[in-house]
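S.K.: Protein chains in written order, with the UniProt record's numbering: chain A, 1 to 175; chain B, 1 to 175.
Keep in mind that a hint or two might mislead.
As the list claims (entries may be wrong) - Far from chain B by the CB rule (all over 10 Å, computed), these chain A residues:
no. : residue
1   : Asn34
2   : Glu35
3   : Ser70
4   : Lys71
5   : Glu96
6   : Ile105
Stated by the list, open to error - Footprint (simulated), chain A over chain B, 3 or more residues, beta carbon under 8 Å:
no. : segment
7   : 7-13
8   : 22-32
9   : 149-162
Claimed, not checked - Below, in silico cross-link-like pairs of lysine to aspartate or glutamate (EDC-like), each with a Cα-Cα straight-line distance of 16 Å or less:
no. : chain 1 : residue 1 : chain 2 : residue 2
10  : A       : Lys159    : B       : Glu7
11  : B       : Lys159    : A       : Glu7
12  : A       : Lys109    : A       : Glu7
Read the hints as simulated data drawn from the structure, not as lab findings. Computed from a predicted model, the values in this text were never measured in an experiment. Think of the CB as a built atom: it goes at the ideal place given N, C-alpha and C, for glycine as much as any other residue.
What follows is each chain in one-letter form.
2 protein chains.
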Amino acid sequence: MNFAMHEAVEVLERTPLLLQHFLSGLATGWLTCNEGEDTWNAVEVVEHLIEAERTNWIPRLETILQEGESKPFPPFDRFAHLNGHKEQSLAEKLQEFTAIRQQNIARLKELVDPALHLEMTGLHPAFGSVKARELISTWVVHDLTHIAQIVRVMAKRYKTDVGPWKAYLGILQDR
Amino acid sequence: MNFAMHEAVEVLERTPLLLQHFLSGLATGWLTCNEGEDTWNAVEVVEHLIEAERTNWIPRLETILQEGESKPFPPFDRFAHLNGHKEQSLAEKLQEFTAIRQQNIARLKELVDPALHLEMTGLHPAFGSVKARELISTWVVHDLTHIAQIVRVMAKRYKTDVGPWKAYLGILQDR
Numbered sequence: 001m002n003f004a005m006h007e008a009v010e011v012l013e014r015t016p017l018l019l020q021h022f023l024s025g026l027a028t029g030w031l032t033c034n035e036g037e038d039t040w041n042a043v044e045v046v047e048h049l050i051e052a053e054r055t056n057w058i059p060r061l062e063t064i065l066q067e068g069e070s071k072p073f074p075p076f077d078r079f080a081h082l083n084g085h086k087e088q089s090l091a092e093k094l095q096e097f098t099a100i101r102q103q104n105i106a107r108l109k110e111l112v113d114p115a116l117h118l119e120m121t122g123l124h125p126a127f128g129s130v131k132a133r134e135l136i137s138t139w140v141v142h143d144l145t146h147i148a149q150i151v152r153v154m155a156k157r158y159k160t161d162v163g164p165w166k167a168y169l170g171i172l173q174d175r
Numbered sequence: 001m002n003f004a005m006h007e008a009v010e011v012l013e014r015t016p017l018l019l020q021h022f023l024s025g026l027a028t029g030w031l032t033c034n035e036g037e038d039t040w041n042a043v044e045v046v047e048h049l050i051e052a053e054r055t056n057w058i059p060r061l062e063t064i065l066q067e068g069e070s071k072p073f074p075p076f077d078r079f080a081h082l083n084g085h086k087e088q089s090l091a092e093k094l095q096e097f098t099a100i101r102q103q104n105i106a107r108l109k110e111l112v113d114p115a116l117h118l119e120m121t122g123l124h125p126a127f128g129s130v131k132a133r134e135l136i137s138t139w140v141v142h143d144l145t146h147i148a149q150i151v152r153v154m155a156k157r158y159k160t161d162v163g164p165w166k167a168y169l170g171i172l173q174d175r
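So here's chain A without its partners, still in its complex pose (with noise of 0.2 Å):
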């Protein structure tokens, strides 16, 4: 076991900062290249984020704390984010992410007390039982999956454009 309640808010604030950085002002060719149909681009990776800030991790913190095993969490609709959001902008958007995640890491630090909290167990629809400290661990590598999604699906815009280096670029062929 490697985690630490401290190191996980590390990640958890950085992701959106990150993402502001670096797509913040990109071509739209970046931002809307995709890896064919039914994939997501950039931004839509973006507001799955926000929807999953939304309904996800705290709702089922909330749950695993005030409920225990006494009921499964509330669903969760990973496509939920497109049918949305269509209307504001990709800097808007981040910034939507930036605001709800730093809300929720908050929200975050006052449930949890590590010391008490980390071991408490909740009922997840497929799994069964789960700890808090799962869920949280589960919230930082979503975050780390959802980065190296974006920079896969831009990288695959070159995929024809690296000629013969191909053969070196392993993430060209990653899903």
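Chain A is already provided as a structure; the job is to place chain B on it using the hints.
M.R.: Chain B alone, transformed into the frame defined by chain A:
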């Protein structure tokens, strides 16, 4: 083909900023974790990026523009960075990467007129004939590859901590 010089530069400019904002101040545990023997941690990836700025991209581009296919590229040792830089702090390494990247982008703009030079070719020791455009595209994808590597390596630090969620987190299986 998707390559456009000014869009390639957008990514090349952002990589040092992204790494500064993401890695600065992280706990040692995040910065020193790796994927096992003979794999790189985040700091070693930064060292590799500095080495590539010094000895790969611009020297190869100069060879294309000045020598064409008359002689092969100077060799690039992908592991050279593992023998140096050890005495610098991460902050110093990030500053060095930022500075040398800025210089190299300036040099790129000085060397390459997109209307004239992108189709010029050089001799790669393994691939044979390669174009300036392919080299610059590879520079971009190489950045994205190593950003993805850093976040993947960090994600794997929580491989056990996420508990059953591991099943949903493909990044934990990637290499």
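S.K.: Mind taking a look at whether chain A covers the segment 149-162 of chain B? Criterion is 3 or more residues with CB to CB distance under 8 Å.
M.R.: As far as the segment 149-162 of chain B goes, the hint holds, because 9 residues have Cβ atoms under 8 Å from chain A.
S.K.: Checking a non-interface call: every C-beta of chain B should be farther than 10 Å from the C-beta of A:Glu96. Is that right?
M.R.: holds (19 Å)
S.K.: Between B:Lys159 and A:Glu7, is the straight-line Cα distance small enough, at 16 Å or below?
M.R.: Holds, at roughly 15 Å.
S.K.: Beyond 10 Å from chain B, beta-carbon-wise, is A:Lys71?
M.R.: holds (18 Å)
S.K.: Minimum C-beta separation from A:Ser70 to chain B exceeding 10 Å: can you confirm that?
M.R.: holds (19 Å)
S.K.: Count residues of the segment 22-32 of chain B with a Cβ under 8 Å from any Cβ of chain A, then say if the count reaches three.
M.R.: holds (count 6)
S.K.: Please check whether the beta-carbon of A:Glu35 is more than 10 Å away from every beta-carbon in chain B.
M.R.: Non-interface label stands for A:Glu35: nearest chain B Cβ at 13 Å, farther than 10 Å.
S.K.: Determine whether the non-interface label on A:Asn34 survives the test: each CB of chain B must be over 10 Å from its CB.
M.R.: Fine: 13 Å to the nearest Cβ keeps A:Asn34 off the interface.
S.K.: Quick one, are A:Lys159 and B:Glu7 close enough, alpha carbons at most 16 Å?
M.R.: Status holds; Cα separation ~15 Å.
S.K.: Given that the segment 7-13 of chain B was listed as covered by chain A, double-check it with a C-beta distance under 8 Å for 3 or more residues.
M.R.: Since 3 is at least three, the answer is holds.
S.K.: Since A:Ile105 was said not to touch the interface, does its Cβ keep a gap of more than 10 Å from each Cβ of chain B?
M.R.: For A:Ile105, whose nearest Cβ neighbour in chain B is about 15 Å away, the distance exceeds 10 Å, so it holds.
S.K.: Measure nothing beyond the straight line between the CA atoms of A:Lys109 and A:Glu7; if it is 16 Å or shorter, mark the hint as holding.
M.R.: holds (13 Å)
In summary, the structure agrees with every hint in the numbered list given earlier.
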